[in-house]
Amino acid sequence: MHREQFENALFRAGYLAILVFMLLPLAVVVVTSFAESGNLAFPPESYSLVHYRAFFEQTRWLSAFDNSLLVGVGTTIVATTLGVTAAFGHEIDDGRAGQVLAPLVLVPLLIPPIILGISMRVYFVRAGLEASYLSIVLAHTLWATPLVYFVMRSVFSRFDWQLLDAAKDLGAGPIRSFVYAVLPNVKHGIFVGALLAFIISLQEFVMALFLSSRSTETIPVVAWTQIRQSLDPMVSVVSTFLIVISLIAIVIATIATNLDWLSKQLS
Amino acid sequence: MSEITLSGLEKRYGDTLAVEDVSVTIDDGELLCLLGPSGSGKSTTLRMLAGLETPTDGEIHIGDEDVTDRPAYERTTATVFQDWALFPHKTVLENVAFGLKMQGTGKDERRERAKEMLERVRMGEYADDDPMNLSGGQKQRVALARALAVNPDVLLLDEPLSNLDKRLSEDMQIELREIHEELEETFVHVTHDQDEAFTLADRIGIMADGSLVQVGEPNEVYENPKNRFIEAFLGDTNFVAGEVERTTAESVHVETELGREVVLPRTGDADDADALTEGESVALSLRPEVLSIEPADAATSDGESDRTQPVRTDGDTTNAVVGTVENVLYRGSTIRYSVAVEDTSVFVERTVADSGAFDAGDEIRISWDGADVLAFRDDGSRVDL
Amino acid sequence: MSGTHSSSALPAPIARLWESLRERSRSKRALLLMAPLLVFELLLFVAPFLILLRISLTDGSQDLRYAPGTWSISGYGEVFTTDVLLNAITYSIKLGLLATAITVVIATFYAYAIWRSEGLVKSALLFSVILPLLTTLVIKTYAFMPLLSPNGTLNDVLLSLNLISEPIQFVPGTVGVVVGQVYIVLPYAVLAIYSVLATMDWGIVEAARDLGASRPRSVLEVVVPQAMPGIIVATVISFAWSVGAYAAPGLLGDGQNKARAFALVVEEQLLTNLQWEVATAYAVVMLLLMVVSIVLLTATLNYFGGEFEYA
Numbered sequence: 000m001h002r003e004q005f006e007n008a009l010f011r012a013g014y015l016a017i018l019v020f021m022l023l024p025l026a027v028v029v030v031t032s033f034a035e036s037g038n039l040a041f042p043p044e045s046y047s048l049v050h051y052r053a054f055f056e057q058t059r060w061l062s063a064f065d066n067s068l069l070v071g072v073g074t075t076i077v078a079t080t081l082g083v084t085a086a087f088g089h090e091i092d093d094g095r096a097g098q099v100l101a102p103l104v105l106v107p108l109l110i111p112p113i114i115l116g117i118s119m120r121v122y123f124v125r126a127g128l129e130a131s132y133l134s135i136v137l138a139h140t141l142w143a144t145p146l147v148y149f150v151m152r153s154v155f156s157r158f159d160w161q162l163l164d165a166a167k168d169l170g171a172g173p174i175r176s177f178v179y180a181v182l183p184n185v186k187h188g189i190f191v192g193a194l195l196a197f198i199i200s201l202q203e204f205v206m207a208l209f210l211s212s213r214s215t216e217t218i219p220v221v222a223w224t225q226i227r228q229s230l231d232p233m234v235s236v237v238s239t240f241l242i243v244i245s246l247i248a249i250v251i252a253t254i255a256t257n258l259d260w261l262s263k264q265l266s
Numbered sequence: 000m001s002e003i004t005l006s007g008l009e010k011r012y013g014d015t016l017a018v019e020d021v022s023v024t025i026d027d028g029e030l031l032c033l034l035g036p037s038g039s040g041k042s043t044t045l046r047m048l049a050g051l052e053t054p055t056d057g058e059i060h061i062g063d064e065d066v067t068d069r070p071a072y073e074r075t076t077a078t079v080f081q082d083w084a085l086f087p088h089k090t091v092l093e094n095v096a097f098g099l100k101m102q103g104t105g106k107d108e109r110r111e112r113a114k115e116m117l118e119r120v121r122m123g124e125y126a127d128d129d130p131m132n133l134s135g136g137q138k139q140r141v142a143l144a145r146a147l148a149v150n151p152d153v154l155l156l157d158e159p160l161s162n163l164d165k166r167l168s169e170d171m172q173i174e175l176r177e178i179h180e181e182l183e184e185t186f187v188h189v190t191h192d193q194d195e196a197f198t199l200a201d202r203i204g205i206m207a208d209g210s211l212v213q214v215g216e217p218n219e220v221y222e223n224p225k226n227r228f229i230e231a232f233l234g235d236t237n238f239v240a241g242e243v244e245r246t247t248a249e250s251v252h253v254e255t256e257l258g259r260e261v262v263l264p265r266t267g268d269a270d271d272a273d274a275l276t277e278g279e280s281v282a283l284s285l286r287p288e289v290l291s292i293e294p295a296d297a298a299t300s301d302g303e304s305d306r307t308q309p310v311r312t313d314g315d316t317t318n319a320v321v322g323t324v325e326n327v328l329y330r331g332s333t334i335r336y337s338v339a340v341e342d343t344s345v346f347v348e349r350t351v352a353d354s355g356a357f358d359a360g361d362e363i364r365i366s367w368d369g370a371d372v373l374a375f376r377d378d379g380s381r382v383d384l
Numbered sequence: 000m001s002g003t004h005s006s007s008a009l010p011a012p013i014a015r016l017w018e019s020l021r022e023r024s025r026s027k028r029a030l031l032l033m034a035p036l037l038v039f040e041l042l043l044f045v046a047p048f049l050i051l052l053r054i055s056l057t058d059g060s061q062d063l064r065y066a067p068g069t070w071s072i073s074g075y076g077e078v079f080t081t082d083v084l085l086n087a088i089t090y091s092i093k094l095g096l097l098a099t100a101i102t103v104v105i106a107t108f109y110a111y112a113i114w115r116s117e118g119l120v121k122s123a124l125l126f127s128v129i130l131p132l133l134t135t136l137v138i139k140t141y142a143f144m145p146l147l148s149p150n151g152t153l154n155d156v157l158l159s160l161n162l163i164s165e166p167i168q169f170v171p172g173t174v175g176v177v178v179g180q181v182y183i184v185l186p187y188a189v190l191a192i193y194s195v196l197a198t199m200d201w202g203i204v205e206a207a208r209d210l211g212a213s214r215p216r217s218v219l220e221v222v223v224p225q226a227m228p229g230i231i232v233a234t235v236i237s238f239a240w241s242v243g244a245y246a247a248p249g250l251l252g253d254g255q256n257k258a259r260a261f262a263l264v265v266e267e268q269l270l271t272n273l274q275w276e277v278a279t280a281y282a283v284v285m286l287l288l289m290v291v292s293i294v295l296l297t298a299t300l301n302y303f304g305g306e307f308e309y310a
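Chains as they are written, first to last, in numbering that gives the first Met the number 0: chain X, 0 to 266; chain Z, 0 to 384; chain W, 0 to 310.
Next comes chain X alone, as it looks inside the complex (with noise of 0.2 Å):
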């Protein structure tokens, strides 16, 4: 009994302290942006909106910013429709097609986003594409696709496709039917790969970095250049932007799933 009491402490103080390991730096950050001086330092010794106040000011980050929603738009809006199409596709017919697929769209993943921006870097130069926001999207939609791909294969997986058979007996083409039968059941579920796809562009820094230029850069690769030349205050009150952006996208998720499922869809 001592034994088992003892296990136990010993088990959900390891949690706690990977808990807390995962959330302080987070924490930190959001901490940190609240400072009154300019030098970094946590627990900061006193608080205040100035770097807040400054953040509004500065055209830089503010066009950075218009940037990462142009493409994480443009990211979304692909990623979804090529994503949701295939893997529709794939449910019809598991051929060879879809076998092909499959490890096809997975393997970008696996490969280090340095390698991936280094070969789209001079391929878009080849194409004439260099620095565009078009090029900065496609990288994006490389990686937003996979996770919309397998989110929807899941959800198409789960549908019951007698009730696209009972549209169609019942008169609705094709359009009509996947309008009326399919969508309104894997709406939740494009919803969900839509997000994710959006916060994932918004995110992605390392093909950003190699593929904008200093028109067309997105916040994380601005917050990059800022960190390498000084530590500045100014990056937390970026960074907390974007973590709150991510937890207003979790929380909107997990209203329309549940966090659970949300974890599997992830991995």
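Check before you lean on any hint, since a few could be wrong.
Label pairs and their in silico Cβ distance ranges [to be verified]:
| hint | chain 1 | residue 1 | chain 2 | residue 2 | range |
| --- | --- | --- | --- | --- | --- |
| 1 | W | V290 | X | L48 | 47 to 55 Å |
| 2 | Z | D26 | W | L31 | 48 to 56 Å |
| 3 | Z | S37 | W | G202 | 28 to 36 Å |
| 4 | Z | N132 | X | D231 | 56 to 64 Å |
| 5 | X | L48 | W | V291 | 37 to 45 Å |
| 6 | Z | I178 | X | S156 | 16 to 24 Å |
| 7 | W | E117 | X | V72 | 33 to 41 Å |
| 8 | X | E44 | W | L287 | 46 to 54 Å |
| 9 | W | I72 | X | P102 | 23 to 31 Å |
| 10 | Z | G62 | X | P102 | 24 to 32 Å |
Think about it this way: if two alpha-carbon atoms lie no more than 30 Å apart in a straight line, the pair counts; the simulated DSSO-like pairs of lysine-lysine are [unchecked claim]:
| hint | chain 1 | residue 1 | chain 2 | residue 2 |
| --- | --- | --- | --- | --- |
| 11 | Z | K100 | Z | K114 |
| 12 | W | K121 | X | K263 |
| 13 | X | K186 | W | K257 |
| 14 | Z | K100 | X | K186 |
| 15 | Z | K106 | X | K186 |
| 16 | Z | K100 | Z | K165 |
| 17 | X | K263 | X | K186 |
| 18 | X | K186 | W | K121 |
| 19 | W | K93 | W | K257 |
| 20 | Z | K89 | X | K186 |
It should be emphasised that the hints constitute simulated quantities derived from the structure, not laboratory data. All of these numbers come straight from a predicted model, not from anything done at the bench. Glycine residues also receive a C-beta, built at the ideal position from the N, C-alpha and C atoms.
With the hints as your guide, set chains Z and W onto chain X.
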């Protein structure tokens, strides 16, 4: 006019042949049951009728129209699916009104029509419910109403009762029968349950291994099965192996594993070409309902030597054997006895109401009229006698 | 009947073609739906890789980033004869192995804890994984700077507890790089293992305990082998991303000669030295080494049980 003609219908998936050369004409207003074990191709045939599968070969006509390549949404058929396939995100009423909505019927009219249909299947009070909260039987009714609401020329039912418990399923069979009589529309009903098929059908089509083996009225199919598969599939029977010993103008004599010669009267149906020849092996089907039983001692007045063979005049085709009861199985209204006869075992039944019961170890005499016995060749085909 | 009604009027070869198309009509529609993504992957993933490979086989050039049209293996020669490049490969692989080992052990424990917990605790633990997962690498690495630097929080705490007499330089340094990299890949590893555990029946662990296995023993004997597919995925992901790590070594490393990661060196070759044939050859070599290591790693883990499956 909604007579349906299937001719040479075939469906292949890659190398597997799901449906092979199915040809049948379904009359206007008829209720045809496609009966067969799972994997026999009956559901695929129905789906081709619905337009949910495209045949690899063959044609489908509904009325005078060739609809072979017409997709489901352009056909005048409506289907009740096995799992009912109710749209979970729509209310019961919206489900029933869906087909009318697709046809472009105005909102008020389709709601009215849907309400009417729900009333007809006694589900009117559930109009605004979530279909997922209904019981199996209720879902079944809604699915039926939804299919009927589009006023189809042909109603297709894909094992709609297989997910219901036995009693509910039997109630629904009667209701379906009533709705069919009322509507006078063509119904095609797929099932693997022979009782369901016999209750419902005007005609039964029996499918096996992708082929339509026999089509006919229920009693015809039962009494005059085309092959051994159908005889075995439609209810329990005893197959007894034997060999033709001799044939005469009036009868065929078969030496069987029952240790006795069984005499089958000739009916004159047989051509010379397919008549049985001596030495040919056959399987005889002895259905429990043609076998009568009595205690063995009641019939042994003829003495020990020939106690199982009654005195017989020419043309008399009564057969009998004596065996020992091995096993007694109470099955509700009937009692089934498993009886050891020579090297084999035969089961017989009697109703509980019949007087006198037997116990294991009792000797009983089993007799039957040879005219009630069907014979099958090794390849499964029925022997015309 | 020979042929279908729709093909009976057509010449035989066309009829046959029509027939096979009709048979595949379902696959055709599916293919049509999958085609955009297939084309996308070919254009944006396969093609860039082939071009990368091609450039790695060109001759060096003085005035251009590479010399188009030429064939040479000088880029590869450069990779295998330059100490800086070789050292970076060694450093990155060491970093990969170390970060992976730490990550997989912690991830297995944490995934097990999530699997065993319920209600609010479970939600909190899952949340603690998902939030960092959806946070950019930049923030994740940046956050360790105020924590681990010589005048950072950890040193302050250790000094005030008199555990150390002088600040330790975790950052910049390899300790910081490893910690940062583990933090980056841990969420992915945890979820890979958790998603496998979640399909498992707790009953088999109880059965093991019923048969006399102690609690830690029952986990080792029953849970770990069952979770092996997830552990393998976690290993592959952790290793691949740690070997190619860019943010953690870039921000938390000290950048000294023998402690520079592959990603930083290849970037320099590409963007500063403008030696594309060397940079691409270097990337190809690294990728091949990675693939070989991953195959070896999975084979080793498979040997201990479990089959590799795609996540």
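These are the hints, each one checked on the structure:
no.: 1; hint: W:V290 <-> X:L48: 47 to 55 Å; result: holds, 50 Å
no.: 2; hint: Z:D26 <-> W:L31: 48 to 56 Å; result: violated, 41 Å
no.: 3; hint: Z:S37 <-> W:G202: 28 to 36 Å; result: holds, 32 Å
no.: 4; hint: Z:N132 <-> X:D231: 56 to 64 Å; result: holds, 58 Å
no.: 5; hint: X:L48 <-> W:V291: 37 to 45 Å; result: violated, 53 Å
no.: 6; hint: Z:I178 <-> X:S156: 16 to 24 Å; result: violated, 36 Å
no.: 7; hint: W:E117 <-> X:V72: 33 to 41 Å; result: holds, 38 Å
no.: 8; hint: X:E44 <-> W:L287: 46 to 54 Å; result: holds, 51 Å
no.: 9; hint: W:I72 <-> X:P102: 23 to 31 Å; result: holds, 30 Å
no.: 10; hint: Z:G62 <-> X:P102: 24 to 32 Å; result: violated, 50 Å
no.: 11; hint: Z:K100 <-> Z:K114; result: holds, 14 Å
no.: 12; hint: W:K121 <-> X:K263; result: holds, 14 Å
no.: 13; hint: X:K186 <-> W:K257; result: violated, 52 Å
no.: 14; hint: Z:K100 <-> X:K186; result: holds, 22 Å
no.: 15; hint: Z:K106 <-> X:K186; result: holds, 25 Å
no.: 16; hint: Z:K100 <-> Z:K165; result: violated, 35 Å
no.: 17; hint: X:K263 <-> X:K186; result: holds, 18 Å
no.: 18; hint: X:K186 <-> W:K121; result: holds, 26 Å
no.: 19; hint: W:K93 <-> W:K257; result: holds, 12 Å
no.: 20; hint: Z:K89 <-> X:K186; result: holds, 14 Å
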